Amino acid sequence: MKFRVFRFDPENDCDPYFDEFDLPVEKGMTVLEGLYYILENLDSSLAFRSSCRCAICGSCSMYINGQFRLACRTLIANLETDMVSIRPLSNLPILKDLVVDMKPFFENYKLIEPYLIPKEQPPEKEYYQSLQNREKIDGSIDCLLCGICYGACPTVSLRKDYLGPAAITKTFRFITDSRDGAMEKRLAVVATEDGIYRCHTIFNCQKFCPKDIDPSDYISQLKRKVVWQLFK
Amino acid sequence: MEEEFSVFSHDIVVVGGGLAGLRAAIEAHDCGFDVAVVSKVHPLRSHSVMAQGGINASLANHPEGKEDNWEKHAFDTIKGSDFLADQDAVETFAKEALVNLYELEHWGCPFSRFPNGKIAQRPFGGAGFPRTCFGADKTGLYLINTLYEQTIKRNIKIYEEWVVLELIVEDQTCRGIVAYSLPEGELEAFKAKAVIFCTGGNLRIYPKSSNSITSTASGVVMAFRAGLPLKDMEFVQFHPTTLYGLNLTLTEGARGEGAYLLNDLGERFMSRYVSEAIMEKAPRDITSRAIQTEINEGRGVGGKDYIYLDMRHFGANTIKKRFPGIYEACMEFRGINPVKEPIPIQPAAHWSMGGIDCDYNTDTEVNGFFVAGECACVSIHGANRLGGNSLMETIVFGRRAGRRTSEYIANGRPKSAGNGIYREALLKQEMRFQGIFERTGTESPYKIKSELGTIMDTRVGIFREEQDLRQALNEIRELQKRYEDVRPPYKGRRYNYDLLWHLDIEGFLTISEVIVMGALNRQESRGSHARLDYKERDDKNWLKHTVARLIDGEVILSYKPVTITKFGIGKREY
Numbered sequence: 000m001k002f003r004v005f006r007f008d009p010e011n012d013c014d015p016y017f018d019e020f021d022l023p024v025e026k027g028m029t030v031l032e033g034l035y036y037i038l039e040n041l042d043s044s045l046a047f048r049s050s051c052r053c054a055i056c057g058s059c060s061m062y063i064n065g066q067f068r069l070a071c072r073t074l075i076a077n078l079e080t081d082m083v084s085i086r087p088l089s090n091l092p093i094l095k096d097l098v099v100d101m102k103p104f105f106e107n108y109k110l111i112e113p114y115l116i117p118k119e120q121p122p123e124k125e126y127y128q129s130l131q132n133r134e135k136i137d138g139s140i141d142c143l144l145c146g147i148c149y150g151a152c153p154t155v156s157l158r159k160d161y162l163g164p165a166a167i168t169k170t171f172r173f174i175t176d177s178r179d180g181a182m183e184k185r186l187a188v189v190a191t192e193d194g195i196y197r198c199h200t201i202f203n204c205q206k207f208c209p210k211d212i213d214p215s216d217y218i219s220q221l222k223r224k225v226v227w228q229l230f231k
Numbered sequence: 000m001e002e003e004f005s006v007f008s009h010d011i012v013v014v015g016g017g018l019a020g021l022r023a024a025i026e027a028h029d030c031g032f033d034v035a036v037v038s039k040v041h042p043l044r045s046h047s048v049m050a051q052g053g054i055n056a057s058l059a060n061h062p063e064g065k066e067d068n069w070e071k072h073a074f075d076t077i078k079g080s081d082f083l084a085d086q087d088a089v090e091t092f093a094k095e096a097l098v099n100l101y102e103l104e105h106w107g108c109p110f111s112r113f114p115n116g117k118i119a120q121r122p123f124g125g126a127g128f129p130r131t132c133f134g135a136d137k138t139g140l141y142l143i144n145t146l147y148e149q150t151i152k153r154n155i156k157i158y159e160e161w162v163v164l165e166l167i168v169e170d171q172t173c174r175g176i177v178a179y180s181l182p183e184g185e186l187e188a189f190k191a192k193a194v195i196f197c198t199g200g201n202l203r204i205y206p207k208s209s210n211s212i213t214s215t216a217s218g219v220v221m222a223f224r225a226g227l228p229l230k231d232m233e234f235v236q237f238h239p240t241t242l243y244g245l246n247l248t249l250t251e252g253a254r255g256e257g258a259y260l261l262n263d264l265g266e267r268f269m270s271r272y273v274s275e276a277i278m279e280k281a282p283r284d285i286t287s288r289a290i291q292t293e294i295n296e297g298r299g300v301g302g303k304d305y306i307y308l309d310m311r312h313f314g315a316n317t318i319k320k321r322f323p324g325i326y327e328a329c330m331e332f333r334g335i336n337p338v339k340e341p342i343p344i345q346p347a348a349h350w351s352m353g354g355i356d357c358d359y360n361t362d363t364e365v366n367g368f369f370v371a372g373e374c375a376c377v378s379i380h381g382a383n384r385l386g387g388n389s390l391m392e393t394i395v396f397g398r399r400a401g402r403r404t405s406e407y408i409a410n411g412r413p414k415s416a417g418n419g420i421y422r423e424a425l426l427k428q429e430m431r432f433q434g435i436f437e438r439t440g441t442e443s444p445y446k447i448k449s450e451l452g453t454i455m456d457t458r459v460g461i462f463r464e465e466q467d468l469r470q471a472l473n474e475i476r477e478l479q480k481r482y483e484d485v486r487p488p489y490k491g492r493r494y495n496y497d498l499l500w501h502l503d504i505e506g507f508l509t510i511s512e513v514i515v516m517g518a519l520n521r522q523e524s525r526g527s528h529a530r531l532d533y534k535e536r537d538d539k540n541w542l543k544h545t546v547a548r549l550i551d552g553e554v555i556l557s558y559k560p561v562t563i564t565k566f567g568i569g570k571r572e573y
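Heads up: the sequence lines are chains W and X, in that order. Reminder that position 169 of the first sequence reads as 168 in numbering that gives the first Met the number 0, one-by-one numbering, no gaps. Reminder that position 455 of the second sequence reads as 454 in numbering that gives the first Met the number 0, one-by-one numbering, no gaps.
I should point out that these hints are in silico values taken from the structure, not numbers from a laboratory. All of these numbers come straight from a predicted model, not from anything done at the bench. One thing to keep in mind: the hints can contain errors.
Output of the computed footprint for chain X on chain W, the stretches with three or more beta carbons under 8 Å from beta carbons of chain X [as the list claims (entries may be wrong)]: (1) 35 to 49; (2) 53 to 67; (3) 118 to 126; (4) 191 to 204; (5) 215 to 227.
Glycine included, C-beta positions come from ideal geometry on N, C-alpha and C.
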């Protein structure tokens, strides 16, 4: 199997380039395991992030054979190809090889005040939350903040000030949580030109999310909520 | 050197951004101190995120758990530990679990709920009542997000992708750390009045491991090299049910809620090992041994080294709702639909009961150096940890560490050190890097890592005996010699993962030696440590903690008593 891997060390290279590696592939091998094979046997200078290797930590998001994916849960056999082509996540500065600077992504995430702002003083025990209320945040709480939706979003590529799908998903997560009391404030943060109105509903976020989250749905729900607020 | 010298300064430096680290940092911040977290990965990429099934607190929310209370939680934990846990520590833990759990909920953690709106609880192995709170099978993900959100709210400084290399200790007092910045490629000294290590576990030394790739023992090794004792390292927990081949944990919650274990003959074999009333709800050590015995005796599926976890009778709805992570992992990685097929599973190294020796205040031998989480050995888990207790441990003792550290500083104990000691420590690490880059050997460290893995897997696994352990020790020492001859790593300074592996693999060899020596010496079977040549627990000789120290480059073992309070010592039967 051939791996064609994007290489760029901004300190030493004028331009990015691709390296090709031949590696033996066993049944059930993932792209991440392939990258480790390269690091351990073929080229020890290769830089890529990884941690949990089972699709829950969000470290190894990259662009593999034309799709944004987590390398750890991409089985090479499923790519049905004899060449695995790997590039770093788009829309973020490249620090080295497949490692991108996640700072712009997390800066946007921080802008939305991503923590519970309680409606009321906490009780002695837990807040009561009905099954129905709890179910409303299903999905939105599964976001790994892996950055794939941000990297895949054409709108982000055109305008860096756009909050992006993950940050807006987080807003939805808190607004929908029956324990949170800051809906108006939260809506004001996202109901801007660089918030929900910047989304062109291209659906790349939904298409590529490794956890099957649909940020575009949340964006449209938030738009409806904003309109509803106007009539209140 | 002179002009490059710089020192970062904080009251408290927390090393590690997992659950224990973030909880410690939040507490230290709320006590009014300037705290920074130094982590080799972004906090959300920590191993904690992999925890699935739940977190224990005796809330008594479950209809069958109305009689539950902290004392019952404490007793189950002590019995689960095969009576090696320190009972004063367990008492503190079980009491404080309650307030800590409610606090996590108040911070927005999306726990699963009962129809009455209260936090849901599920049964876990070795627990007398359904005591494990959970968020589907993604409890770790929800908890780490909740704590990370709280660090953002407080604007706590986090140094992401900084690899700590050394603990600076002077006159038995901790002064700070030296760390290597992956993004910048620079070494820097951090001045701190106190340091908290929350660096996680060690079990990437096993090839069949449920740990994240980043659980490489680095913090434990650093403390050991700085002269601190490690406790009970021979106790390695094997998780009974990890997905065959990949060794991703499939939560104990599945067995807790009634999944079956089936051998090649389709038998629910657990009745051979525990009572009919317990079956799959036995603690992890017993269940792992049972599975391994079935495999060893030729009843693995198709004669292979796995058996089945069967949850088909749950039905599609329950599986997808309560175990979405299991469903997804089986479909994605193995093409198996757990709604229709049983899941191939095998035990894998999961959690290290041992760690840096500390007491239930998180104090260590060194003033101003505190530890919490998996890298620490308090010890509340003794010889075997019950499922659901590790997440609560990170929270209870992370918080205690943050508070204790603040008290230590507020009491005016540390006198500040001059820059000399930081300059010296930094220089020492610079020289170490240079030495590593100038190596002339040809051995591959990865080959050594892989051979070490085979040794640990085959000789230091679920069942152990003297001959195997002796051979393992000899072979590990051979590998240590060969390690001196490894090739130099890639020489770039930024994002040099090859260099990190060089450092980690050297540590793997040290920790493996400590594990094997402890296991070889302990001539009894207790909890996760099952000796084929000493099958019984021997309280007369071995009701004591193993303590390992590095003295002049040699690992020296000694022992210290277990703290027994009101719970007594009894037989461990289920």
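Comparing the hints with the structure gives:
{"no.": "1", "hint": "35 to 49", "result": "holds (count 10)"}
{"no.": "2", "hint": "53 to 67", "result": "holds (count 6)"}
{"no.": "3", "hint": "118 to 126", "result": "holds (count 5)"}
{"no.": "4", "hint": "191 to 204", "result": "violated (count 0)"}
{"no.": "5", "hint": "215 to 227", "result": "violated (count 0)"}
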